[in-house]
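**Student:** So the chains spell out like this:
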Amino acid sequence: MSIFNNAALLIGVPLLFAFSIPLFGLISKQLTKWVTLFVIGFNATFSLYILLAHKYPAVVVMGNWVPPFGENLYIGPVAAFLVSVISIIGLLIAIYNLWAIKLGDVTRFSVLFLMFTAGASGIVLTGDIFNLFIFMEITGISSYALAAYGPRRRALGGAFKFLVVSSIGSTLYLLGVTLIYTQLGTLNIAEIAARINQTTPGLLTFAGILLISGLAVEAELFPFNGWVPDTYTGAVSGVSASLSGIAAISGVYALFRIAMTVLGRDGAYVFTYGKLDLMTVIAILATTTVIIGELSALSQKNVKKMLAYSSMAQMGLVAVGFSIGSKLGVYGGIFQLVNHSIAKSMLFLIIGVLAAAGLGEKVENFRGLWRRSPFLSLAFTIGAFSMLGFPLFAGFWSKFAIVGASIQRGGWYDFVIGLVLFASIVEAFYYLRIVTYIFSSTEVKAPKIKVSLSPAIPIFVLAVAIIAIGVYPNFIGNFSMQSAGEFTHKMTGYVLNVIPTIVAH
Amino acid sequence: MSQSQWSELVNYFRGRSMWMLHYCTGCGAIELPPVMTSRWDMERFGIIPMATPRQADILLITGYLSIKTLKRVVYTYDQMSTPKWVLGFGSCTINGGIYWDSYNVIDRLDKYIPVDIYIAGCMPRPEAIMDSFIKLREMVQKGEAKGYEKYTKNYEWYKANQDHVFGRSEPVLRKAEEVTKSA
Amino acid sequence: MTILLKLIQGIGVGALSIAVGLLFIGIGRKITARIQRRYGPPPIQNFFDIFKLLSKRSISHGFAFDLGLIAGFSALLAAVVFLPMGQINIFPHNSSLIMIIYLMTMAYLGMAMGVSSSGNPNATIGIARALTMMMGYEVPFAAVIFSVYIFSRTGSLANIVAAQSGGFLNWNLVRLPFGFVAAEIALQGMLGEKPFDMTIAPSEIASGPMVEMGGKYLGFGMLQHSIGLFIETGIMVDLFLGGASNIWIFIAKQFVLYFAALMINAIMPRFRIEEGVSFMWKFPLLLGVVQALIVVL
Amino acid sequence: MLKYVKTLNSMGLKARPLGDWEFEVLTPKERVAETLSYLKGSGFETFIHLMCVDWIDDGEFELVYNVESYGEAIQALVKTRIPREKPSMMTMMNLWGLCQVYEREIHEFFGIKFEGNPNLEQFFLENWMDLPPLRKDFDTKEFSEELFGFKEDESHGIKAPERIEYK
Amino acid sequence: MNSNLIWLVALPLIGSAVAAIVVRYKFLDRLITFLTFATTLFVLFSVHVGQSYSWGLNFLGTTLNLTLNVSHLSIFMLYISIAFGTVLTFYSLIDHSRMKGFLLLLILAANNWIFMSNDMVGFFFAWELMGWASVVSVLGGREREKSRHAALYYMIMSVSGSYSMFFGIFTLWRLTGTFSISANIAYLSSIVGIHPWWVLGIVSLFFVTFMIKAGIFPFHTWVPLAYAYSPDAFTPFLSAVMSKYGIYGMLLFMPLSLMERGFPSAFGGVPWTNYIFVWIGVITAVLGTVLAIFQDDVKKLFAYSSLSNLGYVVAAIALFTPVGITAGIFHAFNHLLFKGTLFITLLAVISRSGTSKLSEMGGLWKKMPITFFTFFVGIASAAGIPPFNGFGSKWLIYQAMIKQHLPFATILLFLASTGAFMYLFKAFHSIFLGQLSHDYDRVKEVSAVGKITEFFLMFAMTFFGVQPGYILKPIGAIVKSMGLKPLPVMANGYVTGMFSNIYVPLISWSLAVSFTLGFILFFVSAKHKYVSQENNYTAGQIPEDWGLTPETYQFSWNFYQPVEKLFAPFFRIKIDGFFRGTGDWTKTIGSAIKEIFVGNAQMYAFFAIVGLIIFVIAGWMA
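Note that the protein sequences, when read in sequence, are chains V, R, X, U and P.
Read left to right, the first sequence gives residues 0 to 504 (numbering that gives the first Met the number 0).
Read left to right, the second sequence gives residues 0 to 182 (numbering that gives the first Met the number 0).
Read left to right, the third sequence gives residues 0 to 296 (numbering that gives the first Met the number 0).
Read left to right, the fourth sequence gives residues 0 to 166 (numbering that gives the first Met the number 0).
Read left to right, the fifth sequence gives residues 0 to 621 (numbering that gives the first Met the number 0).
Treat the hints with caution; some may be incorrect.
One side only, chain P facing chain R, incomplete, derived with CB under 10 Å [to be verified]:
id : residue
1  : Asn534
2  : Tyr536
3  : Gln540
4  : Ile541
Hints were generated in silico from the structure; no laboratory data involved.
Beta carbons: idealized from backbone N, C-alpha and C, even for Gly.
Please build the complete structure, drawing on both the sequences and the hints.
**Tutor:** Here's what the structure looks like:
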């Protein structure tokens, strides 16, 4: 295979340039940002090429070691779809950063940002649980550093909390991997997924719990998501946009890759092996996350903190979607995941632009924004309505699918979705509280806010994307439908593509 | 049915149903209840007390009229619609009665509003009032009670008298200041 | 051809109702006088009053004032045409009770509009009291309507009268006694007789709505009152006293009802507005509901 | 009733009983408030009337405050003399609020200025510019003839009654 | 597969996009809105009953076809809503309140889709779209702060309503596997005999949404706020048309078979579920009337009046007899007509007098005679006075009620209708009659456009009052399509009730004749002369001396104060206590939960470990 259509480039190129940026840094600080822009641009075009030209499923073998022996990257419909989403959002945030990141150590920021995107795409692409750990560490470390970037002291506090909790998470994950490795002797996801039954159920449940709690940190599920509000509020808006956009995707993907493909059992509804059905555990965690996220966002006065809680709650909703286990549920989950990252990163970028224009983060400061900058307030409204799931906006179809799937599954899931719907009423309340502030005009004549070109592009593109998906959902719909298939039908979807010869027992 | 016969018929009906404005200005008003109630019952002549000048035909001035009350009486008289009649009760309306030399009571009512019938007596008894009502009915039926037309015809004279009393701009006798100043 | 005939009959009935109404008021004044040991005016006194009023000049407050009072008079004139009286029944299949009631509310609305366009607060307070009082007596009357509708299974007055034909025994008065008493008290409110005449209280609000009504407008008001009197008593006769065979018995029955109302009027003092409404919602409503339950169960 | 008369005399005022239920107190202008508050303190709560008498020959006005003790059914007349030129008097409103009305009337008909009384405008006589009418030096007959034009020689055949000279 | 149906939905969407672009230029924006409404009406003429259109949308894995089909009910609803919308937008060409055209067009698109859609996903999509579009348009009201609060309150109610419909849709989908409404209803009515409680549960899920949107008793608290504080140009549409979506929904989900067999018949032969709905309708009617009587803000007064009229409609429909449903739909149409007229005239009055408080207006009939007449015809028809259109439906409702032997309901409805007369006259008097204050001297009559609309509305009200046949025929078709025997509508204008029937033109002829007689008598008697408003009977006191001003002499403050004591105990029950209670409860819990995120790393780490331990124990025990 020619070097150019090898998927490993998606990880290799950003890492290569990440470490060569200090050289460019010598020439000029601004150049580093342009370099990051080009690299992520390459990443985006290449992954779009794979996605649109339907180049998947493809297995990329490292050093001719055929799986299950060597490491491999597996690009299924999920991987291709999520990588392209990650890199597009990364590209847009990079464009935003051109304007946003001026002061402080620009080169260091660009290096970290490139590592961050490389790590995230790595998590999504890798077919090996240990590799998954490595990429998780790469994204982890770069996101702590990115979170700490910026003049404000609170950033340090947030980053430190993130560091503590996610290091606990990764250690737990590592323990789980070792347990699996001692049992089955292999690290390859496909092989583990096929031979999961050979492990003793007690040990398997313990390993599963460790793995799930490890990944739950990154996927922001209830007990492990303490760090979310402070990190997001502390970080610079560009960084919190990328955290909520990219890190969230990779976190949730990793959690459910392990839960459904590795530990899961095929069937109408995916159940995990072992004594405890981890999917119901995740469902419980997810519902509590939604409830807690929405309710604590209700009484927030600071907009950024409110968005943080809301993204935590949305991640819970996505987790509920996945944990239903049916094809429709996972479809809803992925669709909501993508919609959320689009809308939430746009909202964070808008907050960033407003903060730069001197507007405080209090909810009251949004009063009369419509007069001061129609473009930003319109974008904010579109983002808010898409989060709430109003029709004509992207969020509607995904929330529709999740609720449909959970009611279709019936049983105690009706109660789950009841709570989620109640929580989303609360969410509707605090989002619309801001929207009504925006449209209610104040007497004091405030100056117009001028939005320079470079932040305007990403916001505009994302807003158009939301409306486009809202009006005609099939842009994202088909891809998420195929990827849902890969999750729910573990054997046919994932394992046999990687190791055609394996026999499941 | 020529014009005169028609007006004669109209006057007949007007005579048979006269409505009195229940508006008591002076001490004669106490004479009205006996006229209305069972002993003398004026309702048999179709006369009932009405609440507002718009609905009334007869305006009773039942006693002395101070300048202040006169102003209100003239305003009420204007609010009544023609044909309207005025009955002056007692001597106070004729020549000021016992207040003939009072600084506040007018002496002749018909200098200010046209009066159709004066009823003598320092407050006439109900019989006198009943008699005046019947007299008024005959005058109306014969078409002689034309007080209101007299008012409209020489309105300037009446207006002059009224302004003379109401619209004084300088004192009638002497300047109050130089009197009180000295006293 | 029949249209012309109906037209003449209609105008005839209108004139009849005015004449009978005025006669009733005249006789009423005579009887009240007699009760107060007074001699009292001749029964045809009201015809003199009407003629005098119409020949008297008057003041008006704009075309809404004129239109309102004319509407008050003519809406009732239109309603009286549908009332079956004795053998004169101009539109036999078109005399629904609810329709007549609503036509009468048109008269009240017209009069209310005209009177309150004069801008005199006395008038508007009077109208507010009249509307509240209407809400008061309309509710027990609704109970009565309900029980009559259910009992005679028809809505048009002509059929109700037909249902009560035959001797005294099958009059609704006998068969729906509670309903009759409730309707009787409601009738007292409708006619605006003494316990419920707070709308035109001369002492408190200077004869209420009629404060600005001069000559011919007061004439229209009096005509409206007379036709209203005729219709309301006519409805009561049709509903409860088995609607007479010929017009004279019909008028006699009407007079009996009016006489009863007059008796109460001559003696009773005047209710305050909220006392009047709460009185109407206590006893008559209770009777009406009892009657309705009897009929329904 | 005698005990009030005795105490008032002891206060240096000339008090004397007029009947078995009434007594009068002559006080100078300055001590009116003092006597009235003493009387009010000892049971004379009801203020009945404030009168003014025009002694044109002495050139003085006499103000008579009539108060009553309802419990013992005794009335007191507190009299004081004020000069006729530029007549003025302190208001008694702080003792009895209703004095305001009486003082207004006396001001309107006698021209006595009451300091401290908030509202002394015209009330009965509208548009009155002449001498306050109840003063003796105001000739009411001449005013009436001037204003209402009723001359004796008007041919109404009604002879006005002859005039009684006041002494 | 007629494509003109899709045009009915697509046209407003395109129009709203165009209007959104030109939102800066007020007149252009309103012109586009009006043109879109007019062309939609034009397209509507080509739509006939029975046409259908569906297009596939591969979503949720299956090719989900969103079907539109036109039934009698939907064609009726489409006609009245779009026709009224055209009249309103034509009128608002001259108005300059802050109504955004593109939002109204979005609502129109949703409106057409709701009335035509036969599948639940499309229905829900349009319902939500209409929901948020109307919430945002309520925001533009005159008083900033109040309209913001009203919009939030309305939004919460409509979102929770649509979520309950969400539940209903998918439970049905789980049972029947298809989204099409007709199939689901057929399925429901087939199993109603077996386990009625289950069916009642599902139908009540839908009914909660429809009752919220129509503003019926338990969920009516948002109605006065939303109507009173939304922009004046939007309130007519909100109150006249949008409250009918709830009614349309109820009619859609309440076919005869569904309710009839399943439940034991309660008092008077009406199944007890319907009996409850009749009582809910009646309570709403009485509640609306009583609260409306004592309002001082005119828009709030008419909001409560819409509430009470919708109570009438629900009470009539819930009877589920041919007369009942005909009366209900007829009253819904009448309510749309006269309430729309009242609010349109209010639009003119409020924009000219600058205030919506009843106590600050008065005597405007001298300055705005045509608006005065329209308002008069409006309140006459709202009070149900014969020649105008309100009478027919009220008359039929009473007949339907009496036919079903419901004494208390009839009595309360009568109370509501006379109460209606009270507050209608109060509004009429306080705005137009009485003393004209001097600062309204410059007020001018509405412009030509306004006059045309007002004449048209007056003509419509009298026309449908005199000739109810034109409306009763389509309603008869609807009733037949719902499986009931429709009311016989013989000659045009001949309304047959259960008990008696009236030939309505006859009433108008007798009124015309008696009016001519009245005028003749008026001009025969002595002449009258016109007098200014100050020349009133004031017991002899001359106004100038007394310092009388038109404002002080106008009686419109505390209009029904004596009766207030009568209803005082009634006001103490705070109905929306429940909703405010839940609101505050969630807020307190929210702030309590916020404490969890204490903010120091050790706590988070501690949480993580504790969570882990719990899982391990759970795994060990399982």
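**Student:** Against this structure, judge whether each hint is valid.
**Tutor:** Results of checking the hints against the structure:
Because the smallest distance between the Cβ of Asn534/P and any Cβ of chain R comes to about 7 Å, under 10 Å, the interface hint for this residue holds. Hint on Tyr536/P holds. Least Cβ distance to chain R is approximately 5 Å, under the 10 Å limit. Taken as an interface hint, Gln540/P checks out: its beta carbon lies about 7 Å from the nearest beta carbon of chain R, inside 10 Å. Restraint check, Ile541/P versus chain R: the minimum CB separation of about 5 Å is within 10 Å; hint holds.
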